Amino acid sequence: MTDLTHDNAVTAEPASGPSRLQQAGIVGAVALVIIFGAIWIARDQGAGQLGQGGVNSALLPSVGEPAPEFMTLYADGEIMRLSELKGQPVWLNFWGAWCAPCRAEMPELQAAWQILEPQGVKMIGVSLKEDPRESVAYADRVGATFPIAVDPNFLAAVADPEAFPDLFETAETWEIRNFPTHVFIDADGIVRSVILSQMDTETAVAEGEALLERTGNP
Amino acid sequence: MAQVTVANGTPSRSPVEIMIDRIWRFFTSVRVAVLEITLLALMVLLGTLRGSDAPQWMANAAPALQPLVDSWYAWDVFGSPIFAILLAVIAVAIAVCTVNRLPAIWGTISAPRIRTSKGYIERAEVKASFTHAGTLDELRQGMESIFTSRRYRFFTEQVGNDLHFYADKNRWAKLGTFPFHLALILLLVGGIVASVYGFRDTNFAVAEGETQSVGHGTDLSVELVRFTDDYTQEGIASNYESEVVIYDNGQPVEEGSISVNGPLNHGVATFYQGGFGISVDLLIDGASGRTLYDESLEMGFFNFRGNPDAPAGLIRLPSEGVQVAVVAPDTDRANRPDLDTLQLQSGQVWVQVAPLSTSDPDIEPVTAVLDQGTPLEVGDLTLLFERESRFTVLQVAYNPGIPIFFIASVLLVGGLAATFYFPLRRVRGIIHHGAGGNTLTMTPLAKRDWGGKKEFFSMAERAGERFHTTPTIKRPDHEGNWHDDASQESDDEETR
Amino acid sequence: METLVQMSFYSFAASSLALGVASLSYMLYAVGRVRVRRATMTTSTGTTVTSSTADFLPGNIGAGQFGTLLTWFGGVFAFLAVLFRTIAAERLPLSNMYEFSLMFVLAISIMYLIFERIYGIRHLGAIVATIGFGMTLYIWSLPADLREITPLIPALQAGPIMTAHVSSAIFAYATFAVSFAAAILYLVKSKRNIRWLPSLEMLDDVAFRAVTIGFPLLSLVLILGSVWAHDAWGVYWSWDPKETAALFTWLVYAVYLHTRTLRGWRGNRSAIILLIGFAAVIFTYYGNYFFGGLHSYGGV
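Chains as they are written, first to last, in this note's numbering: chain A, 1 to 218; chain B, 219 to 714; chain C, 715 to 1014.
Warning: the hint list may mix true and false statements.
Claimed, not checked - With a straight-line cut-off of 30 Å between C-alpha atoms, the simulated DSSO-like cross-links for lysine-lysine are:
hint, chain 1, residue 1, chain 2, residue 2
1, B, K665, B, K692
2, A, K122, A, K86
3, B, K692, B, K672
4, B, K692, B, K336
5, C, K905, B, K692
6, C, K905, B, K665
7, B, K665, B, K336
8, B, K672, B, K387
9, C, K905, B, K672
None of these hints come from the bench; they were simulated from the model. Source: prediction; values computed, not measured.
Build the full structure now, drawing on both the sequences and the hints.
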């Protein structure tokens, strides 16, 4: 091979280097040092916490799994516990009067509730991220008559953690970030579907009736 | 510049000819071309920085620059006439340069000069030579096979007692610069065609269940059957999709869905999914009880002074001579009380019924707050805020420049690839028939082509092996170091 | 899923570490050293004559070879980081600054090693490996939530065209980094004729070859970008800041190519244009920090 560079220094590499075995040893040793160094640095930088957010995370209860306890107050002050509703299909709607898509679907939900309620589906509109009085005022104004429950976080700010441990758990286990979110739970307390968008009456009724069909035929 | 005319020895030329000549020279000058590109780059930089805070940082550092920075922010660089003129000048320069360079390049390709001069080879910075004791024919055939094995063409010409040869490869790639530059002109043409003959409507809003006409000289209208959106549990949108029916002259002609990155095309118009918005379903009855308006009013395309941040819409009722402004609650509570003077609750809208013509000051605007589901008389009208709904925001565009754009894209990428990845390589040589045998001397035309030299040396060595000799190879001086010397411009024998 | 994301992160850490040490090794190699040999001879007349000869050598040949080995590791681990993340996300990691910076580390390692192999010079590594290492430091500095895989927003769900557009950009920028390194060495070598650096002609050629790869790629970026823009936004070109910044970069390299091939510019002036070009690349890459516009996703 012609030396085109005429750069003698460049080609002045030693003629006899380490043997093949020695080379493999060096490569292996360097690889080990890098790998262990990397593990140490990455641990220090919080690699252990990775994979908990994003698409790998589960903010909401998974479909097919039992729904965790949900405890809060209804707008009229009564205590609501998801566990106490077992035996009846439940449709939880997470909304807020501040959320425009939630407001746009409100008449559809009201109509669906009027169909499903006589059939035995319990629908609860849990208002989040706002003063419950605003939610109630809005519901009254637009004629939404389904039961409204209060943001557990709103209560957790004032309640006694000793007296209502499940209230504080609810605030942590049910981390709702998308509005509106709908969770359909069957009579056995198993989550059957999670809908992360606005629904029309037709879709909501279909979801509710699917829960009713499951009741009694697991 | 009269001397130029004299110096050219054509004093009889008319001023028009001189003018044309100057313009031609202006556009063919590489110096001017580089200047044009540099100027364009600077304008693009100014236009880009305008979209950032960088000019303001400059003004903060040197307050004296503030007026300059203000006018910089105010200057729409890409919409300015100067920018358009510069683009036009560049387009003309590209066209003129192409016409100017084509014959010479074509000549190199179709009829390369085989004959060279002894002096040229002697003076060459890089060359190789060796003497072969066998016959001339042997040497010629051997060289030909070395060159052809590397995909070179090989030509010879007998000049007196000597045989001159010329070899080249990738000659067609030399043409690559033309499709590339033609593509640039086509891109500009495509842009002009699109803006002159096409249309683009970025805020084409259709509420669910309603139909909107496209306009722009078409008879198309679009009905939104259903808008669906999906989100992740984090509340990040994962899909927007509009199910639509397209009507032509009132007849349904196409059903389909439009999503982000999934446009729907019908006839000249193409529909793209934008976002969505919230509309207010309103029922307006006139004094006679006649229904004047029963539609969904798309909010957000109108700003109301009472709260410029709140979504608002405007309905014109020419038959009554009034317009109805509708303002929904401001979702940003931080705007209270200064920006949000209306302070509406969810489930309310604020309306103002005002005369349509501003020249009619007799009718005072009437305002009211409507509660959802409760009809209210406002002035002569009865208004009912039925509910809130959603509407889809589409873009409608007709771009007749698309075929031009696609042709240009192919030419651009193909031209560049040909130019850079198949470089023209040339070698010249003379085989001198002497007493001690045939002496071959050859040189590559590779002034700034390291790879070309490398290939040349390797072929020279290959020739040495074939003819059982060690060629004398002259390599670049100064270990390939050169002085930064602009006088070396166009030093290559055939570079244009 | 979780483990794949973590394994990708560990691989990235390994790549970062390897490139950091590679950068140091290459620097040791590139700074060079002067070895003075003294020879003492006794002449027949009984006097002693001492003669000195100075050898100019690359700093440490072993360090250079070590640098190459570590750059290979940097590239392989970057590849693993990309691979694990691709499997976890079921798409190439190109959606936020963390992801495409990771791809950039892979691209710059590949492009550098190709040039090192073809030209047989290691001096560029002192600059290119440092740029790669600098990019990994930038990745470390990014908010930790970008390390998570998040679903694509609708505008980015363009499959093949998005992949082609963003990866062309990354490889274009990586090759421009190589030409930047060659330009720097060129300027150093032409200022002081340092013997152990590669010849000016070779450095000039490295820079030019890198641009001839980067420039068509950047053209492809602009074209694919406008095809995609046409599908997503309904318009080919909207004078968006990221678009115009890329156009500016493209024009700077166009000036370089015209002056070099048509006006015969070479040497210092060409090298300086390449420095401006790479500054434009950095400006385009980090443009999201300076301006909003349609490209304002990617987590910054």
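Right, here's what the structure says about each hint:
1. B:K665 with B:K692: holds (14 Å)
2. A:K122 with A:K86: Distance of about 10 Å is within 30 Å: holds.
3. B:K692 with B:K672: Judged against 30 Å, a Cα distance of about 12 Å means the pair holds.
4. B:K692 with B:K336: Given that 30 Å is the threshold and the Cα spacing comes to 16 Å, the pair holds.
5. C:K905 with B:K692: At roughly 26 Å apart (the allowed maximum being 30 Å), K692 (chain B) and K905 (chain C) satisfy the hint.
6. C:K905 with B:K665: holds (22 Å)
7. B:K665 with B:K336: holds (18 Å)
8. B:K672 with B:K387: Holds: K672 (chain B) and K387 (chain B) sit about 15 Å apart, inside 30 Å.
9. C:K905 with B:K672: holds (26 Å)
Figure legend: structure checked against the earlier numbered hints; every hint is met.
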